[in-house]
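Asker: Take a look at the letters that make up each chain.
There are 4 protein chains.
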Amino acid sequence: MHHDHSRWGPTDQIGAANLLTAETRLNALGLVRKGRIYDVSHEIDAGAPYMPPNQTPFLLSIWASWKDSIKRRRKIGATNDAGSNVERAEMTMHVGTHIDALGHFSIGDHLYNGLPAADVVTDWGLDRLGIEHMPPLVTRGVLLDVSGLDGGAHLNPGRVVTPDDLARAADRAEVALRPGDVVLIRTGWGRYFGVDNHRYLEGEPGIDVPAARWLTRQDVVAIGCDNMAVEVLPNPDRTLMMPVHQHVLAEAGVHLIENLALEELARDRLSQFCFILLATKYKGATGCPVRPIAMA
Amino acid sequence: MHHDHSRWGPTDQIGAANLLTAETRLNALGLVRKGRIYDVSHEIDAGAPYMPPNQTPFLLSIWASWKDSIKRRRKIGATNDAGSNVERAEMTMHVGTHIDALGHFSIGDHLYNGLPAADVVTDWGLDRLGIEHMPPLVTRGVLLDVSGLDGGAHLNPGRVVTPDDLARAADRAEVALRPGDVVLIRTGWGRYFGVDNHRYLEGEPGIDVPAARWLTRQDVVAIGCDNMAVEVLPNPDRTLMMPVHQHVLAEAGVHLIENLALEELARDRLSQFCFILLATKYKGATGCPVRPIAMA
Amino acid sequence: MHHDHSRWGPTDQIGAANLLTAETRLNALGLVRKGRIYDVSHEIDAGAPYMPPNQTPFLLSIWASWKDSIKRRRKIGATNDAGSNVERAEMTMHVGTHIDALGHFSIGDHLYNGLPAADVVTDWGLDRLGIEHMPPLVTRGVLLDVSGLDGGAHLNPGRVVTPDDLARAADRAEVALRPGDVVLIRTGWGRYFGVDNHRYLEGEPGIDVPAARWLTRQDVVAIGCDNMAVEVLPNPDRTLMMPVHQHVLAEAGVHLIENLALEELARDRLSQFCFILLATKYKGATGCPVRPIAMA
Amino acid sequence: MHHDHSRWGPTDQIGAANLLTAETRLNALGLVRKGRIYDVSHEIDAGAPYMPPNQTPFLLSIWASWKDSIKRRRKIGATNDAGSNVERAEMTMHVGTHIDALGHFSIGDHLYNGLPAADVVTDWGLDRLGIEHMPPLVTRGVLLDVSGLDGGAHLNPGRVVTPDDLARAADRAEVALRPGDVVLIRTGWGRYFGVDNHRYLEGEPGIDVPAARWLTRQDVVAIGCDNMAVEVLPNPDRTLMMPVHQHVLAEAGVHLIENLALEELARDRLSQFCFILLATKYKGATGCPVRPIAMA
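Chains as they are written, first to last, in the working numbering: chain A, 1 to 296; chain B, 1001 to 1296; chain C, 2001 to 2296; chain D, 3001 to 3296.
What the hints contain is simulated information worked out from the structure, not anything from laboratory work. Glycine included, every Cβ here is placed at the ideal spot set by N, Cα and C. Check before you lean on any hint, since a few could be wrong.
Derived Cβ-Cβ restraints for the label pairs, each shown as a range [to be verified]:
# : chain 1 : residue 1 : chain 2 : residue 2 : range
1 : B       : 1010      : C       : 2164      : 28 to 36 Å
2 : A       : 11        : B       : 1158      : 25 to 33 Å
3 : A       : 116       : B       : 1135      : 38 to 46 Å
4 : B       : 1267      : D       : 3109      : 42 to 50 Å
5 : A       : 199       : C       : 2079      : 51 to 59 Å
Bound-form chain A, shown alone:
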């Protein structure tokens, strides 16, 4: 392990995000030439795929409607008939396109930076390592497109994306990774998100620990993918579940971004761009839905 927990000090809660600087931000903004925005997120609704039992359904319904709120306001003297529509949502933070907080996964009883889960995980969220600590990401994004490696439009469940696969994709794209980068891996699997959830969730192509290490060793701050878990499912070693989450989040302090929509970026053959992701500061949350964009 090259990332030891004390790299950023015993009180650190943001991991590799320490690598983000004014310079990485200015460099990223320098990549924007046309002012064009690529939206790399999916819409979130009750049809969003989820993996029970840890992930749970997304439910949203109107709590206050224009009609009843007008009635209520008339009763207390209003004459301007201002109707409010307001919903109530019940949800997991890991719905749709979302980012994982560093405290989302443990290795046994320990979280990132060696923190004991028994102390950090409270009834009402994470006492430390929650998503509110995630700094805004305005940094270079790099797209590594491996979708065509097996000759089809996408890789298949159980297909491990190797370090070599990533290295070659970077070569093809003529990009060399740099500290502070966000790497987006396109497997092509995202086409089934919300379209055929059953298929989308039965398994997925993705990276295993070696490719994850290859990336974290190069000091990326986040790894995203067009699948549910970034990592290959099922793992080739059936006795390992979610080992990439363990390495990336808990060991390396690198964020994971899941369920990305990467088709437009691929279509326009963008390999590097300014990537912006602003995690909503839900205190103590283990992640949150996001709407990242790429700018070029």
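Mind docking chains B, C and D on chain A? Use the hints.
Answerer: Structure of chains B, C and D alone, referenced to chain A:
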């Protein structure tokens, strides 16, 4: 009314956001010199203020804990003790720093662009005008600081911020509004957010319809404030409730951003900057919590 | 239609439950000889079947745990280490064994007693006809067992239980229906509840409108069944959906009890008994989970 | 301690409810002469009092409305315009008139019968000692009215109801407690439930451990009261929090029934009656809202 509903055509769902172009984005990015980020949002937790009955409490608790998920994974053969921490949240989308969708308010039975609320508002959210239609905001932000106008650190509840107040604040800041701008109004009231919610919600200083019209007439795309509702509460005319919401959202098609944290921007006397807000695409939602930033 | 809406007067909210009297209660209690209780309800958990989109998942998780609550109480001075375990549930009221309120179904825009749904159905529940109006049921229960009519252990989906089927089952059981009775129909379909939800929900044997009318004409106060909807699904007339709900609830003012567990009653060949059902008074709710019992 | 944990054996989950027999039930039913029902529960709505942070708000809103469900059914071919009204509730099980499961409270790390909380309390509820194990209560209820002991209409917060107070109330009522009884204590405090929640929750009159022991020693199966916690709040010993809950639930295996509405029983001077409480079988829940009745 200068904004007639048909300005952007009968199928339009984004209103003034039609003014956002590659040019407005590039101009905004051009304001970033130092690569510095100002976070203008509050953390969201159970202590976030809300105005019942239309707004409701924010509740978050751990749904799956590292400990139990390790047990569950062991039972199905895992040996690597990967523990997941995942929460469940129950919430209004209008919690903390958030943006209102155009369909959030009606004038009688009609929403923005003359759409009939009876058709648009369904059991499970807005069929049109939901927050998923809001384009990413990467545009110029302008801070109009009126907090000191009455000689104190903040204005007080019921204090109307007038068009003249805003015009003079713009003059002092040496900024002229341009189409596509986001205007952030600082009343100083935000200091009570989460600190003294009772006081924060008893009323607030803010704009009334004349100042709102002064802003929308200049083609801003969003108006934000360091209070709960942007608009003055209670309204000087006690028979009017939320008239600014009606004008800005339903008439002008301009978004509202609420509960902003503007202290740092004010401290550094920033009057213009690159403003970035990425609304999460909850389908049919009447708004959503956000984490906007200013860059300079 | 023999039940006209005005039978119990224009302000009535309980329908046939008006037939419940001290006499019907005392008669029912007179059926209890051995003091034996039959529990006719299922357990409710996340595995309870539901029919989307109107029915929604049942979710329950620990909100406050013994461990954290002890910590919290220690901080404010407690020395006795009293740990509280408290959950949070998100649910439909139509989960598990449950009863439907009279306001649960409409015929077009009207509810029971001709009440306009537009007035009664508010953002936060029913202004009238909610389950809180349901009186406690302590009355005679009659079991009509039709499960073996087709020669198997249960009837099959789409099988209509006719008035003749019910009449013959009553004859076999040597029971004549009386005003104030609760009738429980056993189709045998309940064996799949929670065991094979997919099968349980694909369709079900049950009564159609003629048998429903045969029962309501005899002034029963509630009709229960060991299936999800009491009525046959799909209806033989594919252009009719839930017509039994319309007749029973909205027209006749008779309650429906669903997802009953009737195996023990059948095993002991009980045809009449004291039936007790105490609907929890959730104000404005369209029904509620219950735990009815039979006593003999 | 006279109740040792092994009284009912190491696998027991129902405690004193083991004392319920056909005989106790038949005796209770024998008390019903007039067939009259007394409803001893409050309605449950968003205005129900709750004690944060362990108790949480009750929220109910319409999930599916008659209007939209008719639209949806028309789209799939229905012609009978059957409209469904169905809500979604988010709730604590300890809302309104409710019963506590034996697993609701711990003494340190142990629950009733010496069970280790770390094993029993899972992410999704209690693995043992949940409310689904509670047998139906059809047993004798005894009302002990102490409301007038201090000369007013009710006792006041902090007022300890002593064993002597209870003994004298039983004498006045000419009732001797018997194994299997449910005891309902009337302090008069219930008049503020839902009427002045602030006052209702600031503190309450109730029993302390001595009176609780006096009751459990006589083998009652449940203790109810017209206040939030049965026990006096605050405890006279400020270093003790909820010691009655610890003794009654975790030590004695006796259930607690809270927020009862006892005015009618008192008005009619009923001292003994048939008490019926049917706890809904939410699997693993730490309690549930109920609608108990008294019959006479």
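Asker: Decide, hint by hint, whether the structure agrees.
Answerer: Now for the hints, and whether the structure bears them out:
no. : hint                           : result
1   : B/1010 with C/2164: 28 to 36 Å : violated, 58 Å
2   : A/11 with B/1158: 25 to 33 Å   : violated, 44 Å
3   : A/116 with B/1135: 38 to 46 Å  : holds, 44 Å
4   : B/1267 with D/3109: 42 to 50 Å : holds, 49 Å
5   : A/199 with C/2079: 51 to 59 Å  : holds, 57 Å
Comparing the model with each earlier hint shows violations of hints 1, 2; every other hint is respected.
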